[in-house]
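Line by line, the protein sequences are chains A, B and C.
Residues -16 to 649 in my numbering are what the first sequence spells out, letter by letter.
Residues 3 to 170 in my numbering are what the second sequence spells out, letter by letter.
Residues 738 to 1016 in my numbering are what the third sequence spells out, letter by letter.
In case anyone wonders, no lab produced these hints; they're calculated from the structure.
Be aware that a few hints might be false.
To be verified - Take a look, some chain B residues computed to stay more than 12 Å from chain C by CB distance:
#1 Tyr6
#2 Leu32
#3 Asn39
#4 His96
Stated by the list, open to error - With a straight-line cut-off of 25 Å between C-alpha atoms, the simulated DSS-like cross-links for lysine-lysine are:
#5 C/Lys895 <-> B/Lys70
#6 C/Lys1008 <-> B/Lys138
#7 A/Lys97 <-> A/Lys24
#8 C/Lys895 <-> B/Lys119
Every residue, glycine too, gets a C-beta built ideally from N, C-alpha and C.
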Amino acid sequence: MSKIGVFICHCGENISATVDVERVAREIGGMEGVAHAIDYKYMCSDPGQTFIKEAVKKYGLDGVVVGACSPRMHEPTFRRACAEAGLNPYLCEMANLREHCSWVHEKSEETTEKAIDLVKMMVEKVKKNKPLDSIKVPVTKRALVIGGGIAGIQASLDIANTGHKVILVERDPSIGGHMSQLSETFPTLDCSQCILTPRMVEVAQHPNIKLYTYAELESLEGFIGNFKAKIRLKAKSVNYSTCTGCGACIQKCPVKKIPSEFNAGLGTRTAIYVPFPQAVPNKPVIDRVNCNYYKRGACKICEKTCQVGSIEWDKEDEIITEEVGAVVLATGFDVKGTDFFPEYGYGQYKDVLTGLQFERLASASGPTFGEIRRPSDGAIPKKIVFIACAGSRDPAKGIPYCSKICCMYTAKHAMLYQHKVHDGESTVFYMDIRAGGKNYEEFVRRAIEEDTVNYVRGRVARVYEKNGKLIVKGVDTLLGGEQVEIEADMVVLATAGVANCGSEQLAQKLHVSYDPYHFFAEAHPKLKPVETNTAGIFLAGACQAPKDIPETVGMASGAAVKVAALFSNDELVREPVVAVVNRLAPPLYSTCVGCFMCETACPYNAIEHEEIKGRDGSLIRTIARVNQGLCQGCGTCVAFCRSKSIDIQGYTNEQVYAEVMSLLND
Amino acid sequence: MRCYQCGKCTAGCVLASDMNYPPSYLMRLLQTGTRQNMDKVLASNSIWLCLNCENCLGRCPMEIDIPKMMDYLRTQAIKENKLHPDSKPIIAFHRSFLDSVRNTGRLYEIGLVLSYKFRTFNFLQDLAIAPSMYLKGKLHLLPEKIKDRRSMKRIFAQTIENAKTVNK
Amino acid sequence: MKIGFYPGCSLTGSSREYNESVVALAKALDIELVEIKDWNCCGATAAHVMNEELSLSLPARIMAMAEEQGLTEVVVPCAACYNRLKVTQHELEDENKRTRVIEILKLPYRGDLKIINVLQMLEAYGAENIKTRVTRPFAHKVACYYGCLLVRPHSILKFDRVEDPQSMDTLIKGIGGTTLDWAFKTECCGAGFSVSRTDLVAKLSGNILKDAADRSAEAVIVACPLCQSNLDMRRGAINKTLKNPIDIPVIYITQAIGLALGIGAKELGLKRHFVTVEL
Chain A
-16 MSKIGVFICH
-6 CGENISATVD
4 VERVAREIGG
14 MEGVAHAIDY
24 KYMCSDPGQT
34 FIKEAVKKYG
44 LDGVVVGACS
54 PRMHEPTFRR
64 ACAEAGLNPY
74 LCEMANLREH
84 CSWVHEKSEE
94 TTEKAIDLVK
104 MMVEKVKKNK
114 PLDSIKVPVT
124 KRALVIGGGI
134 AGIQASLDIA
144 NTGHKVILVE
154 RDPSIGGHMS
164 QLSETFPTLD
174 CSQCILTPRM
184 VEVAQHPNIK
194 LYTYAELESL
204 EGFIGNFKAK
214 IRLKAKSVNY
224 STCTGCGACI
234 QKCPVKKIPS
244 EFNAGLGTRT
254 AIYVPFPQAV
264 PNKPVIDRVN
274 CNYYKRGACK
284 ICEKTCQVGS
294 IEWDKEDEII
304 TEEVGAVVLA
314 TGFDVKGTDF
324 FPEYGYGQYK
334 DVLTGLQFER
344 LASASGPTFG
354 EIRRPSDGAI
364 PKKIVFIACA
374 GSRDPAKGIP
384 YCSKICCMYT
394 AKHAMLYQHK
404 VHDGESTVFY
414 MDIRAGGKNY
424 EEFVRRAIEE
434 DTVNYVRGRV
444 ARVYEKNGKL
454 IVKGVDTLLG
464 GEQVEIEADM
474 VVLATAGVAN
484 CGSEQLAQKL
494 HVSYDPYHFF
504 AEAHPKLKPV
514 ETNTAGIFLA
524 GACQAPKDIP
534 ETVGMASGAA
544 VKVAALFSND
554 ELVREPVVAV
564 VNRLAPPLYS
574 TCVGCFMCET
584 ACPYNAIEHE
594 EIKGRDGSLI
604 RTIARVNQGL
614 CQGCGTCVAF
624 CRSKSIDIQG
634 YTNEQVYAEV
644 MSLLND
Chain B
3 MRCYQCGKCT
13 AGCVLASDMN
23 YPPSYLMRLL
33 QTGTRQNMDK
43 VLASNSIWLC
53 LNCENCLGRC
63 PMEIDIPKMM
73 DYLRTQAIKE
83 NKLHPDSKPI
93 IAFHRSFLDS
103 VRNTGRLYEI
113 GLVLSYKFRT
123 FNFLQDLAIA
133 PSMYLKGKLH
143 LLPEKIKDRR
153 SMKRIFAQTI
163 ENAKTVNK
Chain C
738 MKIGFYPGCS
748 LTGSSREYNE
758 SVVALAKALD
768 IELVEIKDWN
778 CCGATAAHVM
788 NEELSLSLPA
798 RIMAMAEEQG
808 LTEVVVPCAA
818 CYNRLKVTQH
828 ELEDENKRTR
838 VIEILKLPYR
848 GDLKIINVLQ
858 MLEAYGAENI
868 KTRVTRPFAH
878 KVACYYGCLL
888 VRPHSILKFD
898 RVEDPQSMDT
908 LIKGIGGTTL
918 DWAFKTECCG
928 AGFSVSRTDL
938 VAKLSGNILK
948 DAADRSAEAV
958 IVACPLCQSN
968 LDMRRGAINK
978 TLKNPIDIPV
988 IYITQAIGLA
998 LGIGAKELGL
1008 KRHFVTVEL
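Use the sequences and the hints to build the structure in full.
Next comes the structure, spelled out in structure tokens:
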């Protein structure tokens, strides 16, 4: 007969306040096969674990059930304790008396009875548990970083500097991301490009970093330590090994009116282009959607201009496969366009800009070389209105969250404007000023006090154009709701930061969770901010939520450390919760009939064909076999198997049946 | 209440400057939950000047139905008889309008205006435009009546008149 | 093409010209209007302000009568009536309210009637015919004024886009007109305060007309009798509030299209406006 030990935890008062834990221990102690049952205030504490270890030895336990919190929290703790006492860790199970019982019910008889049932089920299950050995898998010590903005750059450099190889994939023709578009950065007003471009160059020259620009992740297979990434290298139409980056082709390209992505639509670019002069790599690609040759079959002026014959018209997208052990997602964010705002003119007014567009106006590398000028007529605006929370904190527009960076960059914008246009007047309409951060509040105060930016507390109801002016209808709520009307020359909307386009599809490709706004979800909001729920995939930067540069860089370094820690192992231990096909003595060999329904059902391609051969080498039968490296233990094959030949270790049909029967036998 | 005082309703309200309390201020008074502030709201002209144009609702980030709240506050102000003087012509007009509908099933414009004048003692108002209206064929001298006028009587008896007796 | 028709009180009284132009235009576009029998007033703002049950019962009776008559779709040219009917239909999706109203009316009410405004009727059933039958292109620069009741609340009416609606502009462009991008398309004219607070109507309608005039509109085009009467009949009071009096006419979309199709000014009721129409 079994000798099971049962340990009921009070979890401080988390469980004991609603469940009569003494009664649970008492009643379970009377169950058949239970050799020992106690309750204790903190089972996870050192004395608590000691109780378990000593009981295993003293009573010669062949199974342990801990009635406590969720196994996600402490299963590893208790299994380790059992292992230390010499019991196979997979003979230890947890009954979740906290999340599944005490937290969701009132204190009552029934709550205690439910707790007893939960423990009982686990006792019956443990009786059927078999000792298992964890699976060891090798680690590919090479990381994939997706996204070449400041987050991806920082993560790549940090990982590369630990001596590991990094593959950095960037969708655009250059790395740099949004940070390369910024003018100056708060709260120090140092030039964004000046601090970023050296890092971009470092990436390009680092011996441990392989950079793929104009490339996107096609698919990712495998698991922690052993991923296979398929990467689509979009056809650049330019041979980078011969191209010198002289730029002659760009000067001669006749298609010149394409809105420049880098300038947020305020400037133009050619069809063969480098996004910006400091781009890395500083070599052009041909935008096939806009190129005359691809559109109409004639032109080829760039080819004639190119001295080294680098234009490759017939180049096709190439798919390459890279094996990596970890992935860092650093795909960044985007901002809502002005067309998102009916009340601010549906994007039809040229002088209503997004904050990102204003960055380009204020940037020395921008379309106006850093002079603040109206896109409509090139005039220097004498009155500017900045509208904070444009779209953010607006549930009616589907964006209830705070975009976090706008308060600071709006203060910076107003400040830069006042520095550049001395006789200008700037007004900021705000709801709250969120300036939490080192030297942030001081920065905002500087804008208000030293640079005389007019801060008005209230939202703007409407913006419309009249006689070349933008009429802004706002309110000053601090004056009891007095209406404020300003005839402005330019309006800048601090538009909401949103998930980058394609983030949902990417998350699905990677099996990473995401929130309702398509930002990637961290594994734990406090204690696992850079991990995802998929082991081996980490997050860096604004793809998780809008955040500023210091926070992004910190998070990227955090993700890099997680990758480095993972790569410090030569092999990884995996839970043996995988499927197995039963094997029997000849002449049966197995109950598997070789229908391979499981192969059709398996989402991880983990089913292999195993040939059973006689002594003479003749084929007797072909049956299914599970590749334990690939199997994720999802159980789909078990449901599909018609001859009941597959089981999940640790969750066998027999075990689940025993759990259910324990309830029915009452 | 969900209002976080952004003020967008007030910023766009066409009559905010004529109101004792603009909409966002009024929301704040209500948020305090005190009897004193409720009395201020009920006795204000804001609830009567609201045109139910719904610009505030259309733009409110928190989708607060201010017009509907105004409907409630007006009913409450009548119930508690806390009426700002600005409400008088407005209520008089609505009552005259409904009298016409109750009696004929439709709006009888001359009847409405006459009844309104008796209610407000403002006999001179609109004398200037009435003759042109008549000349342009915009006024019927006699009311148009629907056939099933009993149904009108029943609807009024079971709704607004019923509510009045309940209030008494 | 046959469609139910609810004129509402204004169209039989002070806004007769709207009715005349709707009827004339429908005829010219081969749309047969079937008037709801023994229809009553929708209660307008008065019922809405004074009593909720009354404000639901009056429109519900109209719709119940239309249902009884076998109509499936009803055009409601008056924006106020259109709004009251649509909102009532929405409110009566609530089972308790519906039961109560049916009890008051003593009439069956299903609530599946399709209520459309005049712009929707023209878009759905007139667009093709208008295009081919224009004889006198409407070569004028005009400001299309939608007001409140035609477009709000957007969540219930689901008509056109918010803040800057386009349907009337599209119709005007279709008959050769030019439309202004202006600022007061959906600002309130003062609506039901016409009699009780003429001063406020003068102020609000004045703002609207001034913006249209500043942008040199030749006319303001409307689809609501309340807007029309405030901007037109109250012109005297409006002009008293303005530095420079404004004499641009305010006409219905049906009158503008009627003119383009060659229908006579008298037939369209253009003589009934206070501000002379010379288009």
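Find the hints from earlier in the document that the structure breaks and name them by number, from lowest to highest.
Of the numbered hints given earlier, those the structure breaks are 4, 8, listed in rising order.
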